[in-house]
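Novice: Here is what each chain is made of, one letter per residue.
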Amino acid sequence: MPTNLAWKHSTDSMTAVPPANGSPERDDDARLIERAKAGEVDAFEHVYRREVGRVYALCLRMTADAARAREVTQSVFIRAWDRLGSFRGDSQLSSWLHRIAVNEVLVEARSDRRRRARVVLADDQNDEEPGAQLDAPEIAGVTLPDDTETRIDLEKAIAALPPGARTVFVLHDIEGYRHEEISHMTGSAEGTLRAQLHRARKLLMEALSR
Amino acid sequence: MTENREHPNFEVLSDLFDGYLSEQDAAPVSEHLAVCGSCAATYKALGGLVADASGLPKSVLPPEDLWIDLRKSLEDRKEIVLPSSRILAGDNARSTTARPSSGRMIALLAVAALVLIVLSSGVTALVLRNSDNKRFTSNATPTRVEPGPTIPRAVLPAGFRQTENEFNRTIEELQLAVDTQRGQLSPETIRTVDRSLAVVDSAITEARAALLADPNNQMLVDLLSASYQRKLDLLRRTSELGSRT
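Top to bottom, those sequences are chains A and B.
For the first sequence, the working numbering begins at 1 and goes up steadily by one.
For the second sequence, the working numbering begins at 211 and goes up steadily by one.
FYI, nobody ran anything at the bench for these hints, they're computed from the structure.
It is possible that part of the hints are untrue.
Stated by the list, open to error - Taking lysine to aspartate or glutamate pairs in the EDC-like style, the calculated list, with each CA pair at most 20 Å apart, reads:
| hint | chain 1 | residue 1 | chain 2 | residue 2 |
| --- | --- | --- | --- | --- |
| 1 | B | K254 | A | E206 |
| 2 | A | K37 | B | D286 |
| 3 | A | K37 | B | D432 |
| 4 | B | K268 | A | E149 |
| 5 | B | K282 | A | E40 |
| 6 | A | K156 | B | D262 |
| 7 | B | K254 | B | D228 |
| 8 | B | K282 | A | D65 |
| 9 | B | K268 | A | E206 |
| 10 | B | K282 | A | E206 |
| 11 | A | K37 | B | E285 |
| 12 | B | K282 | B | D225 |
| 13 | B | K254 | B | E221 |
| 14 | B | K268 | A | D65 |
| 15 | B | K254 | B | D225 |
| 16 | B | K268 | A | D153 |
| 17 | A | K156 | A | E190 |
| 18 | B | K254 | B | E216 |
| 19 | A | K156 | A | E40 |
| 20 | B | K254 | B | E241 |
| 21 | B | K282 | A | E180 |
| 22 | B | K268 | A | E181 |
| 23 | B | K282 | B | D411 |
Said to hold, decoys possible - Selected chain A positions facing chain B (Cβ under 8 Å, derived; list incomplete):
| hint | residue |
| --- | --- |
| 24 | E45 |
| 25 | Y56 |
| 26 | L60 |
| 27 | Q74 |
| 28 | I78 |
| 29 | L93 |
| 30 | I100 |
| 31 | R201 |
Predicted, not measured: the structure shown is a model, and the values here were computed from it.
Even glycine gets a Cβ: it sits at the ideal position worked out from N, Cα and C.
In isolation and in its complexed conformation, chain B is listed as follows (with noise of 0.2 Å):
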């Protein structure tokens, strides 16, 4: 048995393992495989290893339950969230047949947080007027009111502060994978997205401060779900498109 000195280095073998050679290319590395014992050897523990990896279970269980954490906030998603996200998967589903390119989509967005950031207004608008009449009636009624030693916090409902937290935590990790690739947008792509991101942080405020003057109103919560989410789809829709340029 003859020994070829040149040994073809790991990364040929590989290829040859994964059948990304050539018949040209792979026909020289079989034949120097059929003298070299040392690289048959490696050839084979290669196999070995790939066999091991692909015969790993595949199915781990988590050290501890899950699924009752998870439960509460799936049931906190389901009173609050899951009705915008039920309206934006009817929209995706509308669109399967013709989705739009991500360009496209991108201005769809734009208007939309247009459409968003009126309804907000006007919603927002409604609301303070309400809260001024109810403020005017009962300032028209004479009562007793108590001294109190703090003005109390307006907060949002309890409820919906983990899922803005949800929220702002993926909208944070999605903002930084549209920060790395802004490089391979468009200018006109990042102009459009800045905008329509401004409109959209404009609604979010908005929607946000008339929450905090009625926490009850559940127009509201949805209101700035739905904001949120636009957001969201804005910034998952931007980072598919650069991933993709």
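With the rest of the complex left out, here is chain A (with noise of 0.2 Å):
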């Protein structure tokens, strides 16, 4: 399980972002792009502020590295800078930064998969561990309480996840995003997405039945 995550200490400051200076709601988004269009940083700086705690959450739960998360942070809003002018605002502009952000993650993965040799996406799956394929009996009463200790818990266990199992549970099941638009996201077929979906579940509910 990586040893370099943060949650303890981040579990603490997990609420809503303040914004750099004065409080622009999202009805502000279009005159603060215009503004960063037109160059000026210091309204970027608010998109930042507002932003940077859905982009590092996204990047920390799909990388499992706190200092790849930082890395790929950063190269979110740089690759937001720089396209700023395609950006329409006829999305929110959360949802365009979410999109970078999965981008970002998914490049630097390939990236990295290809420098490490290690297989890609679709082929987590064929390094099953033992007692992944346990039927659904045999991983009953696992039980989820809701208090601190446990979502940190959980949040272990999503961290230990093989990457590509962990990818489609992030997305799916913490971010919402359908296999539909996920496969669209990461080139994997649907029903490859499906199966990391009930392997990362079913690791996941062993790993917290421990």
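Grab the two chains, each in its own frame, and use the hints to assemble them into the complex.
Specialist: As structure tokens, this is what we get:
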């Protein structure tokens, strides 16, 4: 299990992110974007302050590595700055940033896998771990109380998932994307994604029942 | 209560939970859950897991403020890269109503690459000619030249070096992604992409050499940025095309 996660510390700050100065509302998105497009870094800082929590949470959960999550988070905002001209305002700014974040993590993961010559997302299912094929009744009796301690356990268990299963679980069960959308983002077939999701859920239930 | 011994496997329960089973397939599983305590417990636990996961905080602040470094990067890009990015963004904006297919986009990028190298060559020739003129002029006027211990090394402007590093990092990532997808592209597309990349690489090499010779020339900075951006766009389009096929 990765040891460089800082969930205990992070949970203290798992709150809505305050803006840098004042409190710009969602209605101010267009004005902020226009100012940022004009090259005003201060306007972009408002966007950063408001959205960095969501972006970092996604990056941290998908990479399971705090250092990489910080790097990717920075890349996300650099990409967003570069692509401000393509933001049409027909989607929410946070959704637009979220898509960029997912893409950045996936690109980074592909590069990392290439560097390490490791298996690709779709092949994660081949390195099944012992016990992953248990029938349902054998993992019955799992209870998941919703206190903070269990939440941290759940975060750690998610971080320990194989990369492919973790990606699909985070996007589907935490972020609420549909398989069709994840398929579009990852390039993996929906059937493969469903198999990854089943695997992730099963491994998590086993891990949390110990 | 009679327990059906043929327990559905976990995948079936998971599909049932997500609503992926047809009514015909879901009915017997639901009937089984009504009479099998262990499967019902698993199904309930699965629901608890998914509920807990969806209830995890959506916002987690990074342990330290990333804005200071980020701001520096953005300021650097504002000075150097942004003009070309804005031009490209404007191109995208104009093309949203009739977006060309990726194959056509690659062909267009290939043409753009050719235009770029012609432009690059022209500017480079102009810059080098101006440099030659300066050298000729300075040689014509006798001046005392102090012998130095070393010849100063040609370097890129400090602000651009960081930008170039970022370009190269992104290009490397995209290149790796494209390399993995080459098998999914047609030989004709691969040839077009390779030719275009070679052209853009030549433009980059030439613009870079010209900038090394004249580090204060903003036009060359913009030209080199545009060349890098063009390469990024070409690789990105190719990567998107590969992931769709």
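Novice: Give a verdict on every hint.
Specialist: The hints, checked one at a time:
no.: 1; hint: K254(B) x E206(A); in the structure: holds (14 Å)
no.: 2; hint: K37(A) x D286(B); in the structure: holds (15 Å)
no.: 3; hint: K37(A) x D432(B); in the structure: holds (18 Å)
no.: 4; hint: K268(B) x E149(A); in the structure: holds (17 Å)
no.: 5; hint: K282(B) x E40(A); in the structure: holds (13 Å)
no.: 6; hint: K156(A) x D262(B); in the structure: holds (13 Å)
no.: 7; hint: K254(B) x D228(B); in the structure: holds (13 Å)
no.: 8; hint: K282(B) x D65(A); in the structure: violated (24 Å)
no.: 9; hint: K268(B) x E206(A); in the structure: violated (24 Å)
no.: 10; hint: K282(B) x E206(A); in the structure: violated (45 Å)
no.: 11; hint: K37(A) x E285(B); in the structure: holds (13 Å)
no.: 12; hint: K282(B) x D225(B); in the structure: violated (48 Å)
no.: 13; hint: K254(B) x E221(B); in the structure: holds (14 Å)
no.: 14; hint: K268(B) x D65(A); in the structure: holds (17 Å)
no.: 15; hint: K254(B) x D225(B); in the structure: holds (14 Å)
no.: 16; hint: K268(B) x D153(A); in the structure: holds (16 Å)
no.: 17; hint: K156(A) x E190(A); in the structure: violated (26 Å)
no.: 18; hint: K254(B) x E216(B); in the structure: holds (19 Å)
no.: 19; hint: K156(A) x E40(A); in the structure: violated (39 Å)
no.: 20; hint: K254(B) x E241(B); in the structure: holds (15 Å)
no.: 21; hint: K282(B) x E180(A); in the structure: violated (38 Å)
no.: 22; hint: K268(B) x E181(A); in the structure: holds (19 Å)
no.: 23; hint: K282(B) x D411(B); in the structure: violated (28 Å)
no.: 24; hint: E45; in the structure: holds (6 Å)
no.: 25; hint: Y56; in the structure: holds (5 Å)
no.: 26; hint: L60; in the structure: holds (6 Å)
no.: 27; hint: Q74; in the structure: holds (5 Å)
no.: 28; hint: I78; in the structure: holds (6 Å)
no.: 29; hint: L93; in the structure: violated (15 Å)
no.: 30; hint: I100; in the structure: violated (13 Å)
no.: 31; hint: R201; in the structure: holds (6 Å)
Consistency note: the structure conflicts with the earlier hints numbered 8, 9, 10, 12, 17, 19, 21, 23, 29, 30.
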